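S.K.: As you go down the protein sequences, you meet chains A and B in turn.
Quick note: the first sequence, position 596, residue 596 per the numbering used here, numbers continuous.
Quick note: the second sequence, position 19, residue 19 per the numbering used here, numbers continuous.
Calculated directly from the structure, the hints in this document are not laboratory data.
Certain hints may be false.
Derived SDA-like pairs (lysine to any residue); straight-line CA-CA distance at most 20 Å [to be verified]:
id : chain 1 : residue 1 : chain 2 : residue 2
1  : A       : Lys57     : A       : Arg79
2  : B       : Lys125    : A       : Ala483
3  : B       : Lys125    : A       : Ser478
4  : B       : Lys125    : A       : Arg474
5  : B       : Lys193    : A       : Arg474
6  : B       : Lys125    : A       : Ala475
7  : A       : Lys555    : A       : Ala597
8  : A       : Lys451    : A       : Leu439
9  : A       : Lys550    : A       : Gly611
10 : B       : Lys125    : A       : Arg79
11 : A       : Lys57     : A       : Glu42
Values in this document were obtained by computation on a predicted structure and should not be read as measured data.
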Amino acid sequence: MNWRVLAGAIFSGLLAFFVWLAYDPLPASGQVQMVRQAVVQESPVLKPPPAPDPAWKPTALPSSLRSAAGEAPRPAWYRMRFQLAQQPSEFWALLLPYFSGGGQIWLNGHIVGDIPVSTPQMHVRWERPQLLLLPPGLLRAGTNDFCVHAAPVEGETVLNFPAPRVGPLSELRSQYERRLFWVHTMPELTIGGCLVVSVMVLLIWWRLPEELLYGWFGIATLMWAIRTLTFVIEAVPPERWQWWRLVYLASTGGFIVVMALFASRLAGLRSRRVEPCLLAYWAAGPAWFLLSGLGNDTPVNVLWTAGLIPIAIGAVTVSFVAAYRQRTVASLVLPVALAAATLCGVHDYLVAWWPEALMPIAPDWAGERYFLLHHGANALLVAMGLLLSARFVRSVRAVRDVNETLASRIADREKALAENFARVAELERQNAAAQERKLIMREIHDGLGSKLFTSLSRVERGAMDGPQMAASLRACISDMRLALEALAPDDHDLLIAFGDFMFRWQAELQAVGVRCEWTVDVAGDELPLAPHATLQVLRIAQEALTNVAKHAHAKRVVLSLRRSDDWLLLSIHDDGTGLGSPIAATGRGVLNMRARAEQLGSTLTIEQSEGQGTRVVLALPLQADVFLAAYTRAERLG
Amino acid sequence: MSSALPVEQNAGMPPLLENLPPTRVLIVEDEPEFLHHFTQAVLADPALSLDAAVASGAAALAVLSATAPDVLLLDLGLPDLNGIEVIRHVARACPQCDVLVVTMFGDDQHVFEALESGATGYLLKDLGLERIAASIHEVRAGGSPISPSIARRVLERMRASQDAAPADLPAGAPAPAPQPDRVLTPREIELLKLTAKGLSFERVGELMGISPHTVVAHVKKIYRKLAVHSRGEAVFEATQLGLL
């Protein structure tokens with residue numbers, strides 16, 4: 001907050017500094033005279049009437065010569081005097097703060113100025129002041145007499161004439177320039193500024209059509225630029241003058257209507273019926289003007305322009321109501337600016353049409369005929385711009401806040417998802433582990449358990465002698481070893497379990513005189529496999545090796561474990577006599593092997609041929625082993 | 001250690017060097033059945049002489065203080081003492097004595113601890129009588145058995161200690177003297193890797209171009225390094241404190 005105060009202070013300081021730099025105090029030598037009295041007579045003749053003429057009527061200046069009702073005012077001569085102590089040596093000048101209709105200026109019987117008046121070829125309305133040089137030779141000590149022939153502006157009902165000022169050129173030039181700035185240069189600047197702003201804002205609106213406030217603001221500035229243009233262009237051919245009238249009407253009406261729309265939008269009001277009605281009313285004025293024929297604008301002026309007043313009042317009311325509802329500093333900006341502009345409008349109306357009302361209150365001010373609406377409207381536009389920029393800042397902030405909120409929400413959601421995922425993975429792992437445990441328990445129950453129960457019952461019956469019992473127990477131990485081997489590796493690696501298995505079996509086979517060779521051809525150092533699958537593979541191998549050791553009378557057995565594409569192939573090839581009879585081939589051991597292979601989803605082939613020994617091949621599809629994949633994935637995630 | 005016998009020259013297995021005095025054996029086993037089993041095996045072999053067969057750690061220590069057996073058959077699960085402590089005692093008091101740990105299968109963790117404490121080898125409890133005697137001769141001849149899982153554990157142990165070695169040094173203490181035998185030689189590591197895959201000693205020997213006896217001799221050397229290594233820091237500390 002502090003930096004804002006500081007920035008505001010610096011900005012205000014700079015502004016004051018520049019105003020001081022640009023301020024040009026009026027030189028006041030006391031020699032400038034303001035002429036307050038005149039005699040007047042209506043006359044179209046372009047030569048001053050003689051002084052002693054009963055037609056002259058005295059009048060105070062500034063004067064507003066009203067014509068008879070329903071008639072256009074006529075040109076008139078004004079005769080005035082001023083005193084000089086002595087003939088000045090420097091250039092003197094005559095300043096007419098306004099001289100809308102143009103006309104001639106005579107000094108001591110000589111013409112010193114001729115401002116163009118409306119003619120059939122050219123329509124004029126001078127907004128600028130007039131500064132006329134008074135040649136020193138024409139001035140004389142004592143009383144100087146000068147006459148001004150003032151022509152009315154076409155279409156106006158009053159002939160206004162200012163209080164002329166007479167004085168040294170150097171002093172009057174400053175006054176002239178100041179007035180010129182406010183009534184001519186300022187509108188020009190307004191036009192330029194308004195056009196730039198409106199183009200910019202309308203471009204924004206073009207890209208963001210849903211932001212209607214920008215659109216209204218852009219149109220309002222454009223309307224104002226066009227309306228102001230009609231004041232800057234002072235002389236136009238009459239046929240175009242009517243078009244300028246049209247443009248003036250349309251832009252004035254447009255400005256007011258758009259202001260009303262802007263105010264209602266800003267207040268949050270949005271009526272589907274009122275808005276089109278307002279726009280239609282706006283369009284109606286120019287249309288009426290066109291239909292009733294150019295040049296006949298009185299009814300339009302009287303009725304349609306009058307209709308704009310309630311619209312303006314409505315806009316002001318709406319903005320005040322909105323400010324009352326919102327009760328923020330920002331909400332006060334628009335109604336205050338609107339009210340100020342309205343006051344300016346009232347002031348201008350009085351100055352233009354009813355100067356007598358102002359005269360008693362502020363005679364000097366009223367005589368200057370300064371029109372304030374230009375500046376009030378500029379202030380209004382600036383206020384609208386401020387509101388829009390505040391709105392823009394607010395929406396940018398809101399977007400940023402929303403983004404931040406969204407980002408944090410996404411982060412939360414991601415965290416929740418990750419937790420969820422971890423939970424699911426943990427469940428999956430637990431599930432897999434439980435599944436695994438179940439399979440292994442069944443293995444132990446069906447294998448070791450049943451063997452032990454069978455042996456126990458046979459021993460209890462006395463149907464088992466020592467060596468038989470020893471053999472049975474050895475088989476049990478062998479079974480248990482196998483389970484331990486399958487379960488031992490922490491990383492569920494078939495290669496490790498197979499290594500342990502072969503290490504044990506080598507010794508056992510050697511003991512019965514069978515030479516054993518084995519090869520492993522698996523890419524990589526490990527072959528992850530679920531423990532129960534490892535157990536089944538090893539059981540099949542054990543069954544095969546047991547057959548070799550017990551029945552085959554083999555001298556040599558070759559084991560190979562290899563991976564070919566998506567298959568794991570375990571082959572056990574001996575050079576023995578085979579299983580002997582076909583019955584043995586369908587015996588319990590082989591059946592067991594087949595059942596286990598089926599459980600794994602693999603195939604078991606047993607080939608026997610005379611003199612070639614027996615070859616048992618287990619083919620385990622690795623990709624099809626979904627349980628393996630799920631198991632290892634769960635393990636790794638856990 | 002008494003592994004000075006040149007293994008390469010000792011080609012026969014079991015060694016049939018009749019002129020040598022019989023190997024003196026002490027059996028420590030609390031299970032009467034196995035005690036009987038082992039005693040039978042030792043008595044049945046003329047090249048072995050039984051010093052004593054006891055059923056408790058305290059008795060074993062008492063026998064050890066009186067006699068100097070060549071081989072100690074030791075069950076780890078004793079009722080009074082932890083078998084590991086007995087091994088440590090033997091390693092300290094009679095370093096010439098080979099300790100053979102008697103174990104159930106699938107008991108690798110205990111076997112490994114025993115090897116780290118200084119045991120030279122291990123016997124499986126379900127071996128036949130003749131295999132028991134043969135194993136004792138093997139150990140005396142300078143060899144040691146090793147299973148794939150034990151080989152894996154040794155490899156892991158070495159790797160872990162090598163990784164952790166620099167961090168192990170206490171910051172302010174004087175650095176221990178470098179121990180060249182702390183680290184296994186590349187050939188020893190290769191042997192362990194082959195063994196860890198489950199290959200037999202014959203096959204390992206073939207692949208490494210050495211005889212199976214050399215393989216088991218290497219294993220015994222590895223065990224010794226393992227024991228030295230695991231006790232290295234303890235020994236160093238003890239020396240520093242003047243206990244040794």
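S.K.: Could you run down the list of hints and mark each one as holding or not?
M.R.: Quick rundown of the hints versus the structure:
With a C-alpha separation of about 10 Å, the suggested pairing of A/Lys57 with A/Arg79 holds against the 20 Å cut-off. At roughly 18 Å between alpha-carbon atoms, B/Lys125 and A/Ala483 fall within 20 Å of each other, so this suggested pair holds. This hinted pair checks out: B/Lys125 and A/Ser478 have alpha carbons roughly 14 Å apart, not beyond 20 Å. Among the hinted pairs, B/Lys125 with A/Arg474 is consistent with the structure: their alpha-carbon atoms are about 13 Å apart, no more than 20 Å.
Under the criterion of a C-alpha separation no larger than 20 Å, the hint pairing B/Lys193 with A/Arg474 is inconsistent with the structure, at around 30 Å. Between B/Lys125 and A/Ala475 the CA atoms are separated by roughly 16 Å; this keeps the pair inside 20 Å, and the hint holds. Distance check on the hinted pair: A/Lys555 and A/Ala597 sit about 27 Å apart at the alpha-carbon level, beyond 20 Å; violated. A hinted pair counts as satisfied when its Cα atoms are at most 20 Å apart, and A/Lys451 with A/Leu439 qualifies at roughly 18 Å.
Restraint check for A/Lys550 and A/Gly611: satisfied, since their Cα atoms lie roughly 18 Å apart, inside the 20 Å limit. For the proposed pair B/Lys125 and A/Arg79, the alpha carbon gap of about 147 Å is over 20 Å, so the pair is violated. Between A/Lys57 and A/Glu42, the direct Cα distance comes to roughly 10 Å. Compliance with the 20 Å bound is thereby established for this hinted pair.
Comparing the model with each earlier hint shows violations of hints 5, 7, 10; every other hint is respected.
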